[in-house]
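2 protein chains.
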Amino acid sequence: MSLRIGVLGGGQLGRMMALAGYPLNLSFSFFDRASDCPSAALGPRFGDDTDSAESLQAFIDSADVFTYEFENIPTAWVNTIAAQKPVFPSVKSLAISQNRLNEKKLFAELNIPSARFAAIEAADDLKQAIQALGLPLVIKTVTDGYDGKGQFLLRSEDQLSECWNALGAQVPLIAEEFIQFKRELSIIAVRGQQGDTRFYPLAENHHHRGILSHSIVPAPNLDENTQLMAERYISSVLHEMNHVGVLTLELFETRHGLLANETAPRVHNSGHWSIEGAHCSQFENHVRAVAGLPLGSTRAEKPSAMLNIIGRHPNSHEILRVTDTHLHLYGKTERENRKLGHITVIADSYAELNMRISRLADALPNPMALHLSR
Amino acid sequence: MSLRIGVLGGGQLGRMMALAGYPLNLSFSFFDRASDCPSAALGPRFGDDTDSAESLQAFIDSADVFTYEFENIPTAWVNTIAAQKPVFPSVKSLAISQNRLNEKKLFAELNIPSARFAAIEAADDLKQAIQALGLPLVIKTVTDGYDGKGQFLLRSEDQLSECWNALGAQVPLIAEEFIQFKRELSIIAVRGQQGDTRFYPLAENHHHRGILSHSIVPAPNLDENTQLMAERYISSVLHEMNHVGVLTLELFETRHGLLANETAPRVHNSGHWSIEGAHCSQFENHVRAVAGLPLGSTRAEKPSAMLNIIGRHPNSHEILRVTDTHLHLYGKTERENRKLGHITVIADSYAELNMRISRLADALPNPMALHLSR
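Residue numbers (my numbering), protein chains in the order written: chain H, 352 to 725; chain C, 352 to 725.
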């Protein structure tokens, strides 16, 4: 009677999908090595230390339709599942999003402005990239980068061997021109199985040492054209991928307009505000799309902020004492740079929102970039 | 690290408590006979067909702090738990709310207007009640009544033996004067462990054959005085009970003002709108109170309606196609008069809300009292 969604990964994103899906009579199973993963309490978990074919098959047998909460998984897994049962988003979305070169080529094909880039197929290509694109350059691994990992900011030719070694002394890499941006924005959209698409308002994202510190939504001081332009870009990507589910597009706002940075074929940290801040959250809309249900409204009525809890837990009392805050903890143990939870706070105005953010920053053991905003 | 709340009962109310509590890093266990109860997927379940002392003790051992989702449970269970671990609300709230005579006496003590009543300690007391209070009378069992069960509307002396037999030919009963009310309202409040109290806006409740069909919140055409009066009444009750957690007070709106009808020491069907319609839902506020956390805002920004799904499941697609609806299914099988789920719908105005309610009534196989509103 209840449709079961199998989620590749049992982290906080899977956990929040499940919490959003149970009211729709959906149930969940997870594929994750860790028996204490954040989703463990919310459905049966499959997976062993070797990611064996048997454990993957048991997971496939456990559910009716599949999705993933993390793009750095083998496409082979998704192909194995897809040979037997529906998977959303499809392997095409995954194969593009998990590879920076594929992403950049797609942006170029779709005429979406993006940083100029060069593929690095051998160590010597780095010098050619400097000649073609100038300095500084951002050199990145093509796969497996997240939270600022797998990147090197190359400021001079003297750093070439340092850069090469820092990134594992291997190819492929990608060289991108260094973008002087005003701020980072992200747009999150959801596309249903019939191609119907909805867009959340742009988020303004603040990072601290490569990790998302906090997001403000809708991004303040935004002209309407920017939101529409972002919607146009992500629409092209969604359509080209024939994507089903939530997709995130990270963007740089520059003096010359928006530049696309990268895609994530999933619910995104910069969309966690939507649980309380939008009519229908990114998690509910993702599981609605995967289950083939009509999508919900992505409208936000008021400004909200999402603050990440990193490394150390705050005192829950101090957080919840701030007006209109919601606390989301992921059931993880403390570890440096680990995302342990997030806080959403809503207000009637940006001024009020900033006051509440300021109070929350005081209550957070690791306020990340929040202290910079003041 | 995670505080575990033990819930007596594993129905939809426990399920929605758990869904609200997981983000706060709370975990849950349940005491329920049914292995397929709505909460079963959300935490370990204890309980057997005989409600044995061993199964209750295993449940007590499983959690740190306790609550209940249903008032028709033996106070002995709560006393057994309370001798070992904290229980909120306390047995005092339970003992009053599960007994109509105790409720009425409390209302009288606290000078809260209510229907005149008489205790029926023997069959002959019914005649005396007619003489003292007049006809018609509502004769009710003192305990175990819900969804209109355990009640008889006595219109004439001729019905005395019919009434006596219908209510099980046993005492104690309670005779209440028949109230000509304009509508039924309910107020839900939450009280924290420090005595801090918050009130949700009054709900207007519509019944069909004794079962709640739908609620509109805030109750339309309400003068401010009515809300304040309801808050004063429920405050007195909360304070007298030293209640911790959510409490519901059902009220009649009459030509002569509000009359208290009954209390429920728990989250209530007429408060399900609060999941999407209030800043902090009755479920989250209840678990916050039980866990000793600060309470969240009970404010509602827009009118909303809660429609019960009774007996038969609707087509989820048709429901979710209506703008700003949220579907909550409890994972139950279909059965006549059974609460299978509810729908919340939000709008910018009551006029728009009514149009959406009307569309939802068309999509519901059993629209209950909804067809009467049109």
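Source of the hints: derived by calculation from the structure; they are not laboratory data.
You may find that some hints are simply not true.
As the list claims (entries may be wrong) - Capping the alpha-carbon separation at 20 Å, the derived lysine to aspartate or glutamate pairs in EDC-like fashion look like this:
#1 H:Lys653 / C:Glu460
#2 C:Lys690 / C:Asp495
#3 C:Lys653 / H:Asp699
#4 H:Lys653 / C:Asp699
#5 C:Lys653 / H:Asp675
#6 H:Lys653 / C:Glu582
#7 C:Lys478 / C:Glu508
Each hint, compared with the structure:
1. H:Lys653 / C:Glu460: violated (45 Å)
2. C:Lys690 / C:Asp495: Holds: Lys690 (chain C) and Asp495 (chain C) sit about 18 Å apart, inside 20 Å.
3. C:Lys653 / H:Asp699: holds (14 Å)
4. H:Lys653 / C:Asp699: holds (14 Å)
5. C:Lys653 / H:Asp675: holds (16 Å)
6. H:Lys653 / C:Glu582: Answer violated: Lys653 (chain H) to Glu582 (chain C) is near 28 Å, above 20 Å.
7. C:Lys478 / C:Glu508: Holds: Lys478 (chain C) and Glu508 (chain C) sit about 8 Å apart, inside 20 Å.
Violation of the numbered hints given earlier is confined to hints 1 and 6; the remaining hints are satisfied by the structure.
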